[in-house]
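Chains as they are written, first to last, in my numbering: chain A, 1 to 291; chain B, 1001 to 1414; chain C, 2001 to 2349.
Do not rely on the hints blindly, as some may be mistaken.
Stated by the list, open to error - Straight line, CA to CA, 16 Å or less: simulated EDC-like cross-link-like pairs of lysine to aspartate or glutamate:
{"#": "1", "chain 1": "A", "residue 1": "K88", "chain 2": "A", "residue 2": "E33"}
{"#": "2", "chain 1": "B", "residue 1": "K1244", "chain 2": "B", "residue 2": "E1198"}
{"#": "3", "chain 1": "B", "residue 1": "K1122", "chain 2": "B", "residue 2": "E1025"}
{"#": "4", "chain 1": "B", "residue 1": "K1168", "chain 2": "B", "residue 2": "E1193"}
{"#": "5", "chain 1": "B", "residue 1": "K1340", "chain 2": "B", "residue 2": "E1359"}
{"#": "6", "chain 1": "B", "residue 1": "K1092", "chain 2": "C", "residue 2": "E2283"}
{"#": "7", "chain 1": "A", "residue 1": "K88", "chain 2": "C", "residue 2": "E2329"}
{"#": "8", "chain 1": "B", "residue 1": "K1168", "chain 2": "B", "residue 2": "E1198"}
{"#": "9", "chain 1": "A", "residue 1": "K278", "chain 2": "C", "residue 2": "E2283"}
{"#": "10", "chain 1": "C", "residue 1": "K2298", "chain 2": "B", "residue 2": "D1318"}
{"#": "11", "chain 1": "B", "residue 1": "K1164", "chain 2": "B", "residue 2": "E1117"}
{"#": "12", "chain 1": "B", "residue 1": "K1164", "chain 2": "B", "residue 2": "D1225"}
{"#": "13", "chain 1": "B", "residue 1": "K1244", "chain 2": "A", "residue 2": "D135"}
{"#": "14", "chain 1": "A", "residue 1": "K113", "chain 2": "B", "residue 2": "D1225"}
{"#": "15", "chain 1": "C", "residue 1": "K2298", "chain 2": "B", "residue 2": "E1319"}
{"#": "16", "chain 1": "B", "residue 1": "K1189", "chain 2": "B", "residue 2": "E1160"}
{"#": "17", "chain 1": "C", "residue 1": "K2038", "chain 2": "B", "residue 2": "E1160"}
{"#": "18", "chain 1": "A", "residue 1": "K170", "chain 2": "A", "residue 2": "E33"}
{"#": "19", "chain 1": "C", "residue 1": "K2189", "chain 2": "C", "residue 2": "D2010"}
{"#": "20", "chain 1": "C", "residue 1": "K2189", "chain 2": "C", "residue 2": "D2006"}
{"#": "21", "chain 1": "A", "residue 1": "K113", "chain 2": "B", "residue 2": "E1096"}
Hints are computed from structural coordinates only; laboratory data are not their basis.
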Amino acid sequence: MIDFIQMVISGIAVGSSYALMALGMVLIYKASEVPNFVQGEMALLPVFIAYMMIYSYGYSVFIAFFGALFFAMILGCFLEFAVVRRAKNPNILGLIIVTIGLEMILLGLVSWKFGADQRIMPFPISSYSSVMIGDLYISTMDLVTLFVALAIMIVLFLFFRFSKFGVAMKATQQNPTAARLMGIRTNRVKMVTWGISATVGTVSGLLLAPVIMEPYMMWNPMLKGFAGAVVGGMTSLPGAVFGAYIVGVVEHLFGGYVSMDFKAVVAFAVIVIVLCVKPSGLFARHYVKKV
Amino acid sequence: MKKTLFAVLFGALVVFGMLSTGYCEIGVTDTEIHIGQWSPQSGPAAAWGAVARGTDAYFKWINANGGIHGRKLVHHYFDDGYNPARTIAGVKQLQEQRGMFAWVGGVGTAPGLAVKEYLMQKKIPWIGPAAGSWHWVTPPQKYLFNVYPLYLGDAQLLVEHAAKKMGKKSIAVVYQEDDYGEQGLAGTKHMLEKYNMELAAAVPVAMGDSDMRPHAMRLSRSNADAVLLFISPVAASRIIGIGKAMNYAPQWMSSSTCGDCPLMIDITQGLYEGVITSSFGMLETGEKVGDLQHINDPKHKLVAEYKKDVYGKFAARDERWGYTFVVGIGLAEPLVEAIKRAGRDLTRERLVEELEKMENFRGVLGRITYGPLDPNNPLTRIGQQELFLHQCTADGGSRILTNWIETEYIPMGH
Amino acid sequence: MDMKRDYYEDVKHFSSGVMLFWFAALMIFLLLYPFLFKNYYVYVANYIAINIIVVVGLNLLVGYTGQISLGHAGFFAIGAYGTISLMTLANFPFFPALICAGLIAACFGFLLGLPALRLEGPYLAIATLGFGLTITTIIGRIDILGGRQGLHAPDLIIMGHHLNTDRQFYYLVMAIAVLLVFFARNITKTKVGRAFVAIRDAHIAAETMGVNLVLYKTMAFALSAFYAGVAGGLFAFVLRFIEPELFGFFLSVFFLTMAVAGGLGTIAGPIAGAILLSFLDLELRNILNIPYVGEWLKALSTSYFSLTGVSNIQFIVFGAILIAIMLFEPLGLYGLWIRMKKYWMTWPF
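Full structure from sequences and hints, please.
Written out as structure tokens, the structure is:
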């Protein structure tokens, strides 16, 4: 029993970082209708910028982190403005290829600048300390990630519910034409959505970086975040978060009780089963296309 | 018009004549010896790229000291991104269009096996593939000389040390899901059978998996008091970190792949202190290393020299003096030595002869011995089987625990 | 392009004598290719031909039927492992082994097609992606397939001839590639092909018209998987050694990239995409050896970036080319060709 609880706790802990990636993906999917394969690298570059600010320019960790988040915002906006928006008559596959191209460029830039050596990001909290409750443990870093993820979800919720811009975003996602007619600059809204998504992703990246940093560090969280987002329904923010936690917990239970070999891929099998029952994920409304 | 044509033809003849004077062996001219190598400089395996850069700096250093018998070594290395299709492309292009005398190093089992048959059919010597795999010596090939010790050896030494010297009662293995990890697992099982011990747990780590919590948990539930790691440095650092967070502190032991103490101490924030790793080459010099008699080992001076001259003068500014870099030098040493011994009269057959005569050659790695080809005896091509154990210290140095130990070749595979 | 006046004009193999001429010229060129170029370029051609087989098959699924697949490396792996193990374990000759492996891949394609009946867009993408990842993990667990230590290919003997040079292998691969491309082109002109296109354009409308969705969607998956399987079987003999990690997610993405960048829903487009991107994949490593450019890049690396990571420029160039193609022309290379043709046909207007 204690093992079970421990696995669930660890699963939720790892699910938090997946959840942040999933949130970023869903934001962009709602705005531009593309599964965003550059999500991981949009976080990777700012994380390495933070590293550079600390080591090359001697800024403190907090300033560097804020710098990274600010940079992520700009980067996201820039990618939408300079590249994604420029696609003519985009279809979903074309856009996927564009994001894959962007992913390669950003990954190439980071690897070119920093080489392949592994590093770690300085962080005020040790990555290896933990809180013990009886026989259960949760590492401090995981706890921080959990709270940060929750905080971001609340902020996003409030933002979409109460801020003018958030409402405009929702409007744009629901019906771009109507939104434009109502005087919303939908292009600008999309651009800022990309920025927000990159920032959310970067938070996740910054929380992963104190354990290990290398150019490919965001791949696995990105794929799992994508998986989580799909379980949740790809268009629902709470769904994405819930889906990411499901992925995390299922992985841990499966790894613990059944087979470690398949732990890394079990999430995808779960998805297929979930999707066979609910083809648009758990939380999204299933739209039936009309002829 | 006719005159120009003649001039061109004559010029071409002269050039052709000059090219064909002197040496008729491919890749060897009066002034140059062309050596090829591949390694991933980009992509997920790029950390292994330092092997080729180490060889490159080493060759440059040799050239700066006058070359070998009046010839310079020309090193052609290319990036294959650990993709065998690209390895084949690069090898064929260099071999057929530039003409390589021999190949050295070459990272990875799959890329190496993709070109093995090609090189062997063309009778091109290939020295020191940078991966410890039994594929290189089963069966032994006339032109393929292994240098990198098999991971079976790492497993032997580590299990022996844990079970005999440290008296550990239960041993677990964490292994990467590839050739390297499987070998480590097989070697460990083999040794445990010998000591009548049970394997406490065997935990596989998928390539590219970034979440090691379940793995660490399974280890801690197995109550193993020694855990052998046959994984990548990144995975090792994660798993040890999570072990720390859950207050699980067995004796961590690792193969030479995670034996780069300065790097490992750095990326684990010091948690790697006390971890015992096997190693087949020294990295540091001076007081940071060892308190055993090995510090007076003459080859230790060689490491210092390499660090000062090869690394200091010929490596890129952003290069790190790390284990992979040193391995790059070490893999090329037998080749250079054999070229030296072959003398001015260099042909591939001469090179192979000299390599076959090589006995107890000591470079920066362990002793290297080959013998005349015997298709049933892998030892004639296995080269180095010596390893030693060291323990990382908090300052990124290491304490040497054992002398060089000759490991036994366990015939395995399929 | 041109106005089609009746149905038979549409299904004709060659729309005109000129086309027939060019086709014959192409065939002669392909026959003579190994004699015209160095051995290395023959190898490159083999690699490209294998990718063409996969991509033409993928295009039947993605371009014609409108389903996405991020798991084609899985079928590729099944083909490679199937061919080799049938030859070594069951003593099959090469061709039966290759075809059986293709059929095994097709069976898996059919199975993957079943969930695809209910899924679309990103949901299908993630399901196929999961399939690709899972299949390599499963192969890694099967000891008889060499597990994670990989599998060696046996000698390739066809009717008593031992194929061991690139030139010999070229004729085998190219013959199969031409045959399969031709087959794919024919399929698109038949009832099946029309059903695929109908499903892509409006699956509900197609169903109302009497197109059996279950049959044709799974058929598209199976057919596409068959192509990937056959290509995988050939690829195993290029590498001579296969292990599960070779067939990872990146490979699936690479296949999809070639198809989309070439131009979906056409036959020539994916071929062009496969040629361009496979060539880049093999040749970009030489980017630092280009005179001037290479030196400039190295100087740039020394001042602003790192010399140890300079090879990663390949990624940047590759990514930039992808984006450039897609931004400039959503129909990919094929779209560029059409646009160019139009421009010259109507020039100077």
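Verification of the supplied hints:
1. Distance restraint check for K88(A) and E33(A): the Cα-Cα separation of roughly 14 Å lies within the 16 Å cut-off, and the hinted pair is therefore satisfied.
2. For the hint linking K1244(B) to E1198(B), the alpha-carbon distance of about 25 Å lies beyond 16 Å, and the restraint is violated.
3. A threshold of 16 Å between alpha carbons decides the hint, and for K1122(B) with E1025(B) the separation of about 13 Å falls inside it, so the pair holds.
4. Annotation: proposed proximity of K1168(B) to E1193(B) holds, straight-line Cα distance about 15 Å (limit 16 Å).
5. Among the hinted pairs, K1340(B) with E1359(B) is consistent with the structure: their alpha-carbon atoms are about 15 Å apart, no more than 16 Å.
6. A C-alpha spacing of about 12 Å is found between K1092(B) and E2283(C), which places the hinted pair at or below 16 Å, so the restraint holds.
7. For the proposed pair K88(A) and E2329(C), the alpha carbon gap of about 7 Å is at most 16 Å, so the pair holds.
8. The suggested pairing of K1168(B) with E1198(B) holds, with an alpha-carbon distance near 12 Å, which does not exceed 16 Å.
9. For the hint linking K278(A) to E2283(C), the alpha-carbon distance of about 45 Å lies beyond 16 Å, and the restraint is violated.
10. Our distance criterion of 16 Å between C-alpha atoms is met by K2298(C) and D1318(B), whose separation comes to about 13 Å.
11. A threshold of 16 Å between alpha carbons decides the hint, and for K1164(B) with E1117(B) the separation of about 42 Å lies outside it, so the pair is violated.
12. At roughly 14 Å between alpha-carbon atoms, K1164(B) and D1225(B) fall within 16 Å of each other, so this suggested pair holds.
13. Note on K1244(B) and D135(A): the hinted pairing holds, with a Cα-Cα distance of about 14 Å set against a maximum of 16 Å.
14. Distance restraint check for K113(A) and D1225(B): the Cα-Cα separation of roughly 41 Å exceeds the 16 Å cut-off, and the hinted pair is therefore not satisfied.
15. Restraint check for K2298(C) and E1319(B): the C-alpha separation of about 15 Å stays at or below 16 Å, so the hint holds.
16. Taken as a hint, the K1189(B) and E1160(B) pair is honoured in the structure, with Cα atoms around 12 Å apart against an allowance of 16 Å.
17. About 54 Å separates the Cα atoms of K2038(C) and E1160(B), which puts this hinted pair outside 16 Å; it is violated.
18. Among the hinted pairs, K170(A) with E33(A) is consistent with the structure: their alpha-carbon atoms are about 14 Å apart, no more than 16 Å.
19. For the given pair, K2189(C) sits about 8 Å from D2010(C) by alpha-carbon distance, which is consistent with the 16 Å threshold.
20. The straight-line distance between the Cα atoms of K2189(C) and D2006(C) is roughly 13 Å, inside the 16 Å bound, and the hint therefore holds.
21. This hinted pair does not check out: K113(A) and E1096(B) have alpha carbons roughly 34 Å apart, beyond 16 Å.
The structure is inconsistent with the numbered hints 2, 9, 11, 14, 17 and 21, although it conforms to all the rest.
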